[in-house]
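Model the full assembly from the supplied sequences, consistent with the hints where possible.
2 protein chains.
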Amino acid sequence: MSNSGSEIDRLIQLLARLPGLGPRSARRAALHLIERKDQLLGPLAAAMRDAFDHVVACETCGNIDTASPCHLCTDPRRDPSVIVVVETVGDLWALERAQATSGRYHVLGGTLSPLDGVGPDDLSIPKLLERAGDPAVKEIILAVNATVEGQTTAHYITDMLAGGEVKVSRLAHGVPVGGELDYLDDGTLAAAIRQRQPF
Amino acid sequence: MSNSGSEIDRLIQLLARLPGLGPRSARRAALHLIERKDQLLGPLAAAMRDAFDHVVACETCGNIDTASPCHLCTDPRRDPSVIVVVETVGDLWALERAQATSGRYHVLGGTLSPLDGVGPDDLSIPKLLERAGDPAVKEIILAVNATVEGQTTAHYITDMLAGGEVKVSRLAHGVPVGGELDYLDDGTLAAAIRQRQPF
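As given, the protein sequences belong to chains R and E, one line each in that order.
In the numbering used here, each residue's number is its place in the first sequence (first place is 1) plus 19.
In the numbering used here, each residue's number is its place in the second sequence (first place is 1) plus 19.
Check before you lean on any hint, since a few could be wrong.
Remember, identical chains collapse to one label, so a pair may be satisfied in a single copy or spanning two.
Derived EDC-like pairs (lysine to aspartate or glutamate); straight-line CA-CA distance at most 16 Å [to be verified]: (1) Lys186 x Asp72; (2) Lys186 x Glu158; (3) Lys56 x Asp72; (4) Lys56 x Asp69; (5) Lys157 x Glu115; (6) Lys186 x Glu149.
Rather than coming from a laboratory, the hints here were simulated on the basis of the structure.
Structure representation (structure tokens):
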């Protein structure tokens, strides 16, 4: 690269490791930052340092926050009888943005993948089973992705919870809100008919 | 947003101001960083801090570097008789990557735009005229963009340098290397014919 100064090269190299940025857009981003030193580069450096110093994973649910247990686990307005199981913190954020649930969360940290050597103990499944054993918990909602890996993981968790007191449910399949039938795949259409609701 | 902790929200907000990242990809980037705290978040925070502390604009040519004058202006292997004039530091980097010239550079910092109130003194045109007055300088290559704004700026600089000793040239128009004629615009094709070269 040999731009100008190893500081700039290093900044570009690290920026290029962000998702969505390649070598060219990392160069543009670095220039953008350096041209906005006081408005953007300084504040962003400080924000990253703050996040580095203060952000931790919640030891209960696996969410990331500045406190552990996180603010969702300690919020008294949230329903402690429902645990919504997600694959990633990004999925948790998506559900929170949608205000889709008032339950608590549990972040698995991925999906089971025997071929890649990812077993239950590599995810936070033991911790989930422990939480599910709490008599206050009445329902586990498996909000995992509708992929083969997600569904395999959901089946494993369901098996492990079978015979207990807790109710296990999963997300509904169907037509996305605002979606057009003509553009949907056969599996989704079949599921939407099968799981039709009274009008 | 109300994700988890104002530190994370602030990080997402600032990341979203990078070119090429929107709100959604900024969230993904923030998660990616936090999940790779020691490998990426910490080093990137430090690299930004370093850049903030050490990177300056070269007072001669306007390049950004850790020293002023920059390493290109002080490199004895570069030809001091040629000044390549570019609009932005990004353009300078592009020419350097292509090893297109062994001359020195001059970064204008933009283009003339009377409607937006950008006059010669808002760009580094006075500094360029001063540099062009040095008897060691024999040629000014105007490597500005082939846009209306770029060409207007090039014409202005040419006018200001008219009558002096220094030769003023501009980039050739023509078919990009590897380009197909069928996909080129009429103006480029006409220019390529007009400026045809002996085979």
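Okay, the hints, checked on the actual structure:
1. In this assembly of identical chains, the alpha carbons of Lys186 and Asp72 never lie at most 16 Å apart, being 39 Å within a copy and 56 Å across copies at closest.
2. With identical chains, the CA atoms of Lys186 and Glu158 are at most 16 Å apart within one copy only, with a shortest distance of 5 Å there and 80 Å across copies.
3. Taking CA atoms no more than 16 Å apart as the test, Lys56 paired with Asp72 passes between copies only; the shortest distance there is 10 Å, against 22 Å inside one copy.
4. In the homo-oligomer, the alpha carbons of Lys56 and Asp69 lie at most 16 Å apart only across protomers (12 Å), although the nearest pairing inside one protomer, at 18 Å, exceeds that limit.
5. In this assembly of identical chains, the alpha carbons of Lys157 and Glu115 never lie at most 16 Å apart, being 21 Å within a copy and 64 Å across copies at closest.
6. Taking the shortest Cα distances, Lys186 and Glu149 sit within 16 Å of each other inside one copy (15 Å), while across copies they are farther apart (80 Å).
When the structure is compared with the earlier hints, violations turn up for hints 1 and 5 and for no others.
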